[in-house]
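Enquirer: Chain order of the listed sequences is A and B.
Heads up: the first sequence begins at 1 in my numbering, then just goes up one per residue.
Heads up: the second sequence begins at 327 in my numbering, then just goes up one per residue.
FYI, nobody ran anything at the bench for these hints, they're computed from the structure.
Quick reminder that beta carbons are idealized off the backbone N, C-alpha and C, glycines included.
Everything hinted at is true.
Okay, the calculated beta carbon distance ranges per label pair:
(1) A/ASN297 - B/GLU407: 27 to 37 Å
(2) A/LYS127 - B/PRO450: 52 to 62 Å
(3) A/ARG326 - B/PRO450: 56 to 66 Å
(4) B/THR411 - A/GLU18: 56 to 66 Å
In silico contact screen, one side only, chain B against chain A (beta carbon under 10 Å); selected entries:
(5) SER415
(6) GLU444
(7) HIS446
(8) VAL447
(9) ARG448
(10) MET449
(11) PRO450
(12) PRO455
(13) SER456
(14) THR457
(15) ALA458
(16) THR461
(17) ILE489
(18) GLU490
(19) PRO491
(20) VAL492
Okay, here's what each chain looks like letter by letter:
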Amino acid sequence: MIKIAIVGFGTVGQGFAELLIRKKDEIERAVGKFRVTAIADSKSSISGDFRLDDALKMKRETGRLRDDVSAMEIVREAEYDILIEASVTKVGGGDGVEYIREALRRGKHVITSNKGPVVADFDGLMKLAERNGVKLMYEATVGGAMPVIKLARKYLALCQIESVKGILNGTCNYILSRMEEEKLPYEQILKEAQELGYAEADPTYDVEGIDAALKLVIIANTIGVKARYEDVEVTGITQITPEAFEVAAGKGYTIRLIAEVSREKLKVSPRLVPLHHPLSIKGTMNAAMFKTDTAGNIFVAGRGAGKEETASAILSDFYEIYAGSR
Amino acid sequence: MSEVLITLIVELEDKPGQLLKVLQPISAMGGNIVGIVHQRGKKTPLNRLPVEISFKIDGRKVDRLIKELKSLGIVIRNFNEVRLTATTSVLLIGHLIHTDISDTINSIETDGEAECVEMHVRMPEVSGPSTAILTISASGEDKLKEALEKLREVCMRKEIIIIEPVNEELL
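Isolated chain A, as found in the complex (with noise of 0.2 Å):
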């Protein structure tokens, strides 16, 4: 029995949740029975003998759990095999560091959503997990539900990694898209953008690269190039004027906010994007091209958040650290 505990309980843990219980039967044939023996969100918990979907109704109906317990307790004390943590992301890390560590201290294996953790201590967290002989495993950082730190440190192990070239911030790419078919100025999207759920009521974390900037350094690190947030040169993508579409159009290119890494470069700004180039794409969508010595180019492209995708995303790596040598 594969005991786990969540410890942040707001779009993606709950997300998470409703997934085990929707693929119970799935899952459990591919890793064998498991059951959630423990959640907490900020500010509440529940553990012991309870069901998922009882947990999962009280944190809608009335916003918290049972019980007053911390959430760092849980982590702390509650008995478990595997801890989601699926709390919100903090520049700089945030107590997601704290829980990481202290599972991993306890010989528990960990996956997180959450980039301020991964961002602020990534070798730390590696050599922890892996002197305590238990995996520390973050795809949902990156990119929602397209594959990429598997396929990195999975199936392009033994490649050479030249670059990873990436669209990583969909709201970026929204914004940016429709300026290029609706030729209007940036605020006026932006505007669009906010209605319809895709940015933020402060656009900041998104239009000026920071949150593309944290993934990319994520992905930096797993490639092995050493990289902190500050190494980033970041330009975002509020100076950006419709004319740009219109000239750029005319020699065959695009705009689109683009990360990139390489031995020599960890960048964040908007490039130009020859028209038929698959990261041209349009929306919401992320992407991703890793150049490799063996492999030549690698491209992957997918849906970069929502709730299930994300949700998803932590169900591959649930799958990869207890049947990933199937």
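Chain A is fixed; fit chain B onto it per the hints.
Expert: For chain B alone, kept in the frame of chain A given last:
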């Protein structure tokens, strides 16, 4: 085919039809005219008008073309050939005109190994930012890289955003 960029300065009589005499043979040999500048302020004592013509052409045809122009009686004052093996486009956004766009472009042309061979500018409002796409050709990838490095420096100083292509590996 290895393409070259030719900059030719010819002296023409200042009367209609003279320029065409030069352009026809260039075009007949598949040359692609990039720019024509009449140097009106630099008339010769014989009242001839220097005209600078830039064009791209298959490098193997250059000798034949020059011979033909001479045989037509055209006075070639100066002739400069740059082997262009590397080309890229970059997009600039900012106050391009107020920050002296020709100075911006000249920054890449300092050693004659790289040239801005094409440019389109859009300026919807005089006070607002303008947008331009430049095509830069250079005698080799190293020279193109150097030119871009210079352009980046100038753009940073002038607070111009430079948008570079994603496809060219050398970048």
